[in-house]
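Asks: Here's the letter readout for the chains.
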Amino acid sequence: MTTVKEREKIQQQFQERMNEDELLNCMRCGFCLPTCPTYIESGFQESHSPRGRIALMKAVVDGLIEPDEDVERSLNMCLGCRACEPVCPSGVRYGHLLEEARDIIAQNKKHPLFVRIIRKMVFNGLFPHQNRMRMLTALLGFYQRSGLQSLVRRLGILNILPKHLATMEKVLPNVPTWKEMNDRPQHLAPEGTKKRRVAFFTGCLMDTMFMETNDATMKLLQLAGCEIVIPPGQTCCGALHGHSGEKNDAKELAKRNIEAFEQLNVDYIITNAGGCGAFLIEYDHLLKDDPHWAERAKAFTAKIKDISAILVEMEFHKKGLSLPEQIVTYQDSCHLRNVMKTAHEPRLLLQSIEGVEFREMKDADRCCGSAGIYNIVQPDMSMQILDYKMEQVKKTKATTIVTANPGCLLQMKLGIEREGLSEHVRAVHIVDFLLEAVKASQQQTNNQIQKKTG
Amino acid sequence: MISNEIKQKLIQIVGPENYDDSKAGRLAYSYDATPQFQSLPDAVIAPRNTKEVSEIVKICNEYRIPIVPRGSGTNLCAGTCPIEGGIVLIFKHMNKILEIDEENLTVTVQPGVITLDLIQAVEEKGLFYPPDPSSMKISTIGGNINENSGGLRGLKYGVTRDYVMGLEVVLANGDIIRTGGKLAKDVAGYDLTRLFVGSEGTLGIITEATLKLIPMPETKKTMLALYEDLEAAARSVSAIIANKIIPATLEFLDQPTLEVVEAYAQIGLPTDVKAVLLIEQDGPKEVVERDMKKMEQICREQQAISVQVARSEEEANALRTARRSALSALARLKPTTILEDATVPRSEIAKMVKAINEIAQKYNVKICTFGHAGDGNLHPTCPTDARDRDELERVEKAFEEIFAKAIELGGTITGEHGVGVMKAPYLEWKLGAEGIAAMKAIKQALDPNNIMNPGKVFAKSTRKRVVVTR
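Same order as they appear, the protein sequences are chains R and S.
For the first sequence, position 292 (counting from the first letter as 1) is numbered 1280 according to this note's numbering, and the numbering increases by one without interruption.
For the second sequence, position 153 (counting from the first letter as 1) is numbered 609 according to this note's numbering, and the numbering increases by one without interruption.
The hints are simulated quantities; they were obtained by calculation from the structure and are not laboratory data.
Idealized CB from N, CA, C, for every residue including glycine.
A few of these clues could be false.
Stated by the list, open to error - Stretch by stretch, here's where chain S covers chain R in the computed footprint (C-beta under 8 Å, at least three residues):
no., segment
1, 1016 to 1023
2, 1058 to 1070
3, 1076 to 1083
To be verified - Some chain R residues judged to face chain S by a derived CB distance under 7 Å, without partners named:
no., residue
4, N1007
5, E1010
6, L1012
7, G1031
8, E1034
9, G1040
10, L1044
11, I1053
12, P1100
13, F1102
Claimed, not checked - 25 Å max Cα-Cα, derived DMTMM-like pairs, lysine to aspartate or glutamate:
no., chain 1, residue 1, chain 2, residue 2
14, S, K479, R, E1088
15, S, K790, R, E996
16, R, K1329, S, E718
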């Protein structure tokens, strides 16, 4: 519940802080409606559409309505997938409006004590500290390896959790050990001639829970002729904070990252998680009002590039890779597509692999419902969106679902599990898939050489 | 206001999940795509079938509650803005394609069907539903019928009106009537079907429609003609028609429009020319080739600096999609975007384009023009800022003069967007006092309590007519 006083304060801050030009820029044509997953899944409710949410924000600014529970619900229901932005002819930056509105509400609303503690723990205590992320992952590793996991599963302890969370436990990857996580490279030489010097943004979750994917990313970069710098001073990108109304924390993380990367003299800063990349690429917006940081942020964002984009630039798709025959489909990472504008490159890379029959699923560009922590805080809508997604996956008869962001990857795995498809279908990050193809191709070449010499 | 007693009655009809009177829920239906109009309804109701619509209407009639049927709210005349409050009726449950009749070439639909979904469903069967308003990805058939929407294919294939064969309508007293049917010929009584098409929800609630389909044209070609001179482009339009060619599409975009559309679509539209024509022809292969060649020649004779034929369907589709985004893309320029759709006989299109530019200069406002030049339907659009009162006044004056000029050239104040609230003060300019009286008599007969979308079409007072000076 928001108190009357809180509402007044929220309303006042809406008036002070919301970008009125941006709000007015929406001319309410409705071109965004057919692309909005929550509009569709809510049975075409205008208040769950981008146009409706912008109207609500504007109405709060205009004093036409109060920021009551229904307004909040509408804003919370938004996935933040930003599919409405590329289709908006007027170019409204909806994501920025949403972020600001959520920040105002979060900062002026007193959450219940336990929510406050959890938020504080997660946002301040955990994500900005890579050593703690490692610790937590190591605990998970202990759980997975010690036999505790099988015991817990046997005893059905997880049944006390909501079903989707219990399933989530099943699909978590096998995580690396404490030692592995603490033994990370800071510099890697290219294989063959050096063509580019790049920095690698490792990410907090990617460098712990998904460390294998990070290793694969670096391996691909080396193969593509990149010298890689991995500055140890980097930290969490702050996306989770920014999307959850903790903008100030996000700004602090942004500054730390800019500092870590700006002196490296690299061509690009490479990311392999659409969610992180999209947030990094908007640091210039996040810090635009900070005279000390605005220019530095601009220089930083100009260098952000997704792994698939640089691989295509380095003509990795012409390497002639091959894999055993399989049907593959690709689930866009919303932020990679809608914010980083990278949608063609992953497809090109997949299509270039011999043996891969690439089948585009219907609405591949529609969010899978993962959306950061959305699948945890809005489970009903998230699962409804996932069910639609899995229907489309099934129609392609794909045995491999490729994606480009850890959240999407877990959600796809969750979908496979929910549908009982885990015997025939797998979900995999694009870099892991590409490395698999590299290895398979090498193996093939070796076999051929052996045949010839033998 | 809706009393609790009435609310309970309404909930009894549709169920609590289909009755929303929350502040946020009402706000989300307080507007449509028309700038500067907003008004909260008292409740938003989603009926599940015709019977429920009828029962709701009966209650509204008894208690004199305004009732506004709304599709996706993409109209541009404030036709679905509930300016007198009351109930906004939405058709999210009534969105089925009921039948595609391949023997009679008709399709029967509920009002909530999205236009593009209908078009695609019939195209799968090799049939063609031509009306294609720019908002077709979003708009509903119910909305199209109520607004008598046009589109890019209007000049060759006509508008929504030309495809509505039969309707099911709930009248203001709750009666359910059926008009027309799957009949090519039917003169049994007044043509009520046509009366309801374009009636903007002021006469009744359309709950079902039977639409005419035609066979899919065999082929289609698309080209772009570029001009250094606005009027040369406009003259080409008249010349094409005068040469007895009716293209499927003949669209006009001026330079400022091209710039914003390209900024959005990024498909390589020329932004360094003064105007372009987007021309399409469909039909049998030989006819299409012949017409395209002839039109290319005409454009060149009218000083087109270049004529380019689209190389693939993707390229052609990108051009059409870009054109459809023109209005919203213009919203990039300034916070408020006001557009009109003055329409003139197509022989007068060059004069109208010239007049629009002169009027813009006279009032010192920026007016970008695009539109369906081939059917004389232009969309002069003014990027402005609603907060700048002085400029807004000049914009209003400029548009008044554009209306007057259009009428003087034998045209109309609105070609396809409808009257709604926005153009109601000007309707008399086109119809005369007697014309208005005749229409009001119809309204009075069918909706004596004025509950059906009140405040639309008929204005409380008519604008003083401006005298066009040269």
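Asks: Does each hint fit the structure? Answer for all of them.
Replies: Structure-based check of all given hints:
{"no.": "1", "hint": "1016 to 1023", "result": "holds (count 6)"}
{"no.": "2", "hint": "1058 to 1070", "result": "holds (count 4)"}
{"no.": "3", "hint": "1076 to 1083", "result": "holds (count 4)"}
{"no.": "4", "hint": "N1007", "result": "violated (11 Å)"}
{"no.": "5", "hint": "E1010", "result": "violated (9 Å)"}
{"no.": "6", "hint": "L1012", "result": "holds (4 Å)"}
{"no.": "7", "hint": "G1031", "result": "holds (5 Å)"}
{"no.": "8", "hint": "E1034", "result": "holds (4 Å)"}
{"no.": "9", "hint": "G1040", "result": "holds (4 Å)"}
{"no.": "10", "hint": "L1044", "result": "holds (6 Å)"}
{"no.": "11", "hint": "I1053", "result": "holds (5 Å)"}
{"no.": "12", "hint": "P1100", "result": "violated (22 Å)"}
{"no.": "13", "hint": "F1102", "result": "violated (27 Å)"}
{"no.": "14", "hint": "S:K479 <-> R:E1088", "result": "holds (22 Å)"}
{"no.": "15", "hint": "S:K790 <-> R:E996", "result": "violated (30 Å)"}
{"no.": "16", "hint": "R:K1329 <-> S:E718", "result": "holds (17 Å)"}
Of the numbered hints given earlier, the model fails hints 4, 5, 12, 13, 15; all others are met.
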